[in-house]
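> Each chain is listed here by its residues.
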Amino acid sequence: MSGKENTASEHSVVDDLYTESGHWNLNTGEETIHAKRMGGYWRNIKWLSASAWIIFFIGPYFQWGNRQAVLFDIPHRQFHILGVTVLPQDFWMLSLTLLFFALLLAVATALAGRIFCGFFCFQTIWTDVFTWLEENLEGNPQKRRRLEKAPWSFSKIRIKTTKHLMWLLISVFTGISFVAWFYDVFDLWRDLFLLQAGSVAYGTIALFTAGTYLMAGFMREQVCFWLCPYARIQGVMIDKTTVVPSYDFHRGEPRGRLRKGQPEEERTTGDCVDCKQCIAVCPTGVDIRHGQQEGCIMCALCIDACDEVMEKIGRPKGLVRFESYESLEANKRPHPLYKRPRVWVYSAIMSLALFGIAYGLTSLAPLELKVIHDRQPLFVLQSDGSIQNKYTLKILNKMTADIAVTISAEGPEGLVMVDEDLVTTARRGKVTARTVFVRVPKPLLSAETTPMVFSVQGEYDGQLLQSSRQSVFIGPKR
Amino acid sequence: MADNNPFPGENNTGHIWDDNIRELSNPPPRWWMIAFWASVIWWIVYGVLYPMWPIGQQPTQGIIGWSQMDEYRQGVDEVEAVRAEFETRIKGMTAKDILADSGLSQYTVASVKVLFGDNCAACHGSGGQGGPGFPVLADDDWLFGGAIENIGQSITMGRKGIMTAHSKILSDAEVDGLANAILGGNPTSDPNFAQKGCVACHGMDGKGMAVLGSANLTDGIYRFVPAEGESLLDSIKHTIKNGVNDVTEPKTREAVMPSFSGRLSENDIKKLAVYVYKFGSGQ
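Heads up: the sequence lines are chains A and B, in that order.
For the first sequence, this note's numbering begins at 1 and goes up steadily by one.
For the second sequence, this note's numbering begins at 1001 and goes up steadily by one.
Check before you lean on any hint, since a few could be wrong.
Below, in silico cross-link-like pairs of lysine to aspartate or glutamate (EDC-like), each with a Cα-Cα straight-line distance of 20 Å or less [to be verified]: (1) LYS398/A to ASP461/A; (2) LYS1196/B to GLU1228/B; (3) LYS442/A to ASP1140/B; (4) LYS276/A to GLU459/A; (5) LYS398/A to GLU459/A; (6) LYS1168/B to ASP1077/B; (7) LYS317/A to GLU253/A; (8) LYS477/A to ASP384/A; (9) LYS1278/B to ASP421/A; (10) LYS1168/B to GLU1249/B; (11) LYS317/A to ASP271/A; (12) LYS1278/B to ASP419/A; (13) LYS1168/B to GLU1228/B; (14) LYS442/A to ASP1219/B; (15) LYS477/A to ASP1176/B; (16) LYS317/A to GLU329/A; (17) LYS477/A to ASP1219/B; (18) LYS442/A to ASP402/A; (19) LYS477/A to GLU1228/B; (20) LYS1196/B to ASP1246/B; (21) LYS1207/B to ASP461/A; (22) LYS1278/B to ASP1101/B; (23) LYS1278/B to GLU420/A; (24) LYS1241/B to ASP1176/B; (25) LYS1278/B to GLU1087/B.
Bear in mind the hints are in silico, worked out from the structure with no lab data behind them.
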């Protein structure tokens, strides 16, 4: 191949890129997307999945015993979840919970693409509710665009003010509901009305209000395009076997307008009539017929739109449908689930995380003991010839009442704990520290370090509580 | 360059490489510009509210009058306010009373750690473990008594025990015998212990006398630890021969605890006594 040809082919590649980019219309927020709203199967599913977020608003009002059922009490470092109270010391379970949900996202994405984005994400749901309000106040997309361009008039101001007030109302309520998970909800409402809530509460409500109002009201799909990391991460979890909303190009191409009166057998075009309804309903403004793309949140609204058109013109539904690239491309049957190792690996890690959480929740110890051996000095020689070690014992009491506890030590022969009978009050929900001296006659020590065990015992409600911790007794070098 | 731009009508900057790779002047995304101007406004507002512009000797002070030093002083005041309650109570109490109150002694141990680090730890170690040539405070062997009053007095007045150098009084063989008896933990087994007058200071039983600051010779705990490479026996002999703080003997052991009455307040000394007592073996 001559050098000249080489340059020529390179040029054509670059030119192709420029041509492509010319067609690639990337909306970076200059243009507000006014998506058409229409009913349908997936629309109903979407409302259903969105209603899961009602828990976010009403959850804090549920009571359990004499307290809020779920309360993340940060000032008191206590986390109440129904009947369980978790202290920060048991927070390793949180990492397992996060792991579980991260993998749940991964496995859901591997199977069905970004369905979290399309059906559950707060950005999608809140935007959906905001645009629903917009549609009800300002009318359909054409009317909205016209209103946008219209000069300021009394009715425009009235409509816009109403819309923004309602958006703000939802935003404020979102902020308050978020804070209510961390702040007794009835106290919160009282404090808010009396203007007595703390600055953290006001600040959080303000942040959430501003965030909700801006992101759901103005930024909308731009958040999914540029702000959200999960949107990008999920891209790499999708493979050829993932079932995603897809345009059946075998069936649809070549596109062509519907010609009235033309007999079906004379038609040379595919099923797609290029009505662009799939673009009109898309909340992120993408054209699903270009295939899988970064803007697609897989909300399936284009499926509803296309199905409705297909029904009207008497062609089979499902020109746009949930389908994997593999089965579309080769017209193959979908890849069986058991042949997809990543799904198995994800599920295995998820079950491990679940087991861990279940284990953690069922084995929450009411008393926990930590032992810190004094370093300077490691030991001292006493005048009676015994070696003394000093320990700081930290007793964590996870119960809701103070408990009187005794401490005992077991270890090398001749071991004596000073003040063994002393009763310590382990304060509820707190760590109580106590200094303990242990002595062993020097001749009885056979090694420089000897293992020993501290135990703490207490009684609560007729139930014997106990916790032990291994430590060492240190003596002089032999 | 614009004259021979091969791509007329395009918004390129005229920077063209390899014939067709060119720099376009597309504006940044809208959200980026909003964020950019928002941060510019933030910067201006911040500069008005907070100290910022380095003009002259003093930077501009900011209209809300915040300063790092004020915040620091407020923080110190807050801590002092929390401590005040304990401090006023401690003021009217003796060290013994503080010890009897578990809450106050806990406060004392927590709050006086820094003072111990500044004034005592250089010789006695951060945990009272002592150092080469300096007494251990964590054990129960006290030269001048381990009662809380004794400890307080040691800090206030300082201590300087005296032991005469015995190199001219005792023969080498006698020193040898005594040193071995002490090493065996039974000094009274050597008749010289009584005959040569050791008992005058170390007592009939060899257990020392707190009033004089004389050492207990029976418990195996040594005030003067052997130097590098020296045996314990040699170290004992050195002490017997050269004494402690004996000005006539150049090789004498030096053992001086300075007085802290001029350096620390009575209150601080009281608290330090409690702290030392709590090392474990106050009596």
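> Next, verify each hint and record whether it holds.
To see whether the hints hold, each was checked on the structure:
1. LYS398/A to ASP461/A: Holds - the C-alpha atoms of ASP461/A and LYS398/A are around 14 Å apart, at most 20 Å.
2. LYS1196/B to GLU1228/B: Violated: LYS1196/B and GLU1228/B sit about 30 Å apart, past 20 Å.
3. LYS442/A to ASP1140/B: Holds - the C-alpha atoms of ASP1140/B and LYS442/A are around 15 Å apart, at most 20 Å.
4. LYS276/A to GLU459/A: violated, 73 Å
5. LYS398/A to GLU459/A: Between LYS398/A and GLU459/A the Cα gap is close to 13 Å, so the pair holds against 20 Å.
6. LYS1168/B to ASP1077/B: violated, 62 Å
7. LYS317/A to GLU253/A: holds, 15 Å
8. LYS477/A to ASP384/A: Answer holds: LYS477/A to ASP384/A is near 19 Å, not above 20 Å.
9. LYS1278/B to ASP421/A: holds, 19 Å
10. LYS1168/B to GLU1249/B: Status holds; Cα separation ~10 Å.
11. LYS317/A to ASP271/A: holds, 10 Å
12. LYS1278/B to ASP419/A: The given pair, whose Cα atoms are some 14 Å apart, holds under the 20 Å limit.
13. LYS1168/B to GLU1228/B: violated, 26 Å
14. LYS442/A to ASP1219/B: Cα-Cα ~12 Å, so holds.
15. LYS477/A to ASP1176/B: Distance of about 27 Å is beyond 20 Å: violated.
16. LYS317/A to GLU329/A: At roughly 19 Å apart (the allowed maximum being 20 Å), GLU329/A and LYS317/A satisfy the hint.
17. LYS477/A to ASP1219/B: holds, 19 Å
18. LYS442/A to ASP402/A: violated, 38 Å
19. LYS477/A to GLU1228/B: Given that 20 Å is the threshold and the Cα spacing comes to 17 Å, the pair holds.
20. LYS1196/B to ASP1246/B: holds, 18 Å
21. LYS1207/B to ASP461/A: Distance of about 52 Å is beyond 20 Å: violated.
22. LYS1278/B to ASP1101/B: holds, 13 Å
23. LYS1278/B to GLU420/A: Roughly 17 Å between the alpha carbons, so the hint for LYS1278/B and GLU420/A holds.
24. LYS1241/B to ASP1176/B: Judged against 20 Å, a Cα distance of about 10 Å means the pair holds.
25. LYS1278/B to GLU1087/B: holds, 19 Å
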